[in-house]
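S.K.: Reading the sequence shown from the start, the letters are residues 1 to 133 in full-length UniProt numbering.
Hints in this document: simulated from the structure, not taken from any laboratory.
Please note that a few of the clues may not be correct.
So the derived label-pair ranges between C-beta atoms look like this [as the list claims (entries may be wrong)]:
(1) H126 x L25: 16 to 22 angstroms
(2) C17 x P82: 16 to 22 angstroms
(3) G32 x A99: 16 to 22 angstroms
(4) P82 x L51: 36 to 42 angstroms
(5) F5 x K72: 18 to 24 angstroms
(6) I118 x L33: 30 to 36 angstroms
Every residue gets a Cβ at the ideal spot worked out from N, C-alpha and C, and that includes glycine.
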Amino acid sequence: MPYGFLLKAVKFGCVGCVVYLYDTLAFTLLLGLMENSVIARVISVASAILLSWIINHTFTYRYAWRELEVQKFATFFVSQLPGAMINAITTLVTLHGIAFVGERPWLAVAIGSLAGMISNFTMAHHFVFSRKD
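Modelling step: build the complete structure from the supplied sequences, incorporating the hints.
M.R.: Here is the structure:
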């Protein structure tokens, strides 16, 4: 496995940890405000994708672009939807289906995040931030 790919995977994972903390906080706060776990999850995941874009753009894949562009963000957002769906569905299934996890929303988000991470990295690395040289 090439060193560059491994380094990107580690950086992407570090960004994922930061985004996980944000996502957990957002989801927990939204659950307290609206008590609708589906809407809370959709909002927290969408905003987590935005945060992931900003951090990955400036940290993991600095070489990819010089500026934050709307079209490139849209490409990133769409590329993250499969992983986001895996994440959200896994989170909601574990939140409502496993009593121990249901009492700990942060654990449901962690399980969902891990479930969607491989898809997210694959899509970002190969389709969004790939070098064209």
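S.K.: Next step is simple, just say for each hint if it's right about the structure.
M.R.: Tested hints:
1. H126 x L25: 16 to 22 angstroms: At 30 angstroms between Cβs, range violated.
2. C17 x P82: 16 to 22 angstroms: The hint (16 to 22 angstroms, Cβ to Cβ) holds, given that C17 and P82 are roughly 21 angstroms apart.
3. G32 x A99: 16 to 22 angstroms: holds (19 angstroms)
4. P82 x L51: 36 to 42 angstroms: violated (18 angstroms)
5. F5 x K72: 18 to 24 angstroms: Between F5 and K72, where Cβ atoms are some 21 angstroms apart, the hint holds.
6. I118 x L33: 30 to 36 angstroms: holds (31 angstroms)
In summary, the numbered hints that this structure violates are 1 and 4.
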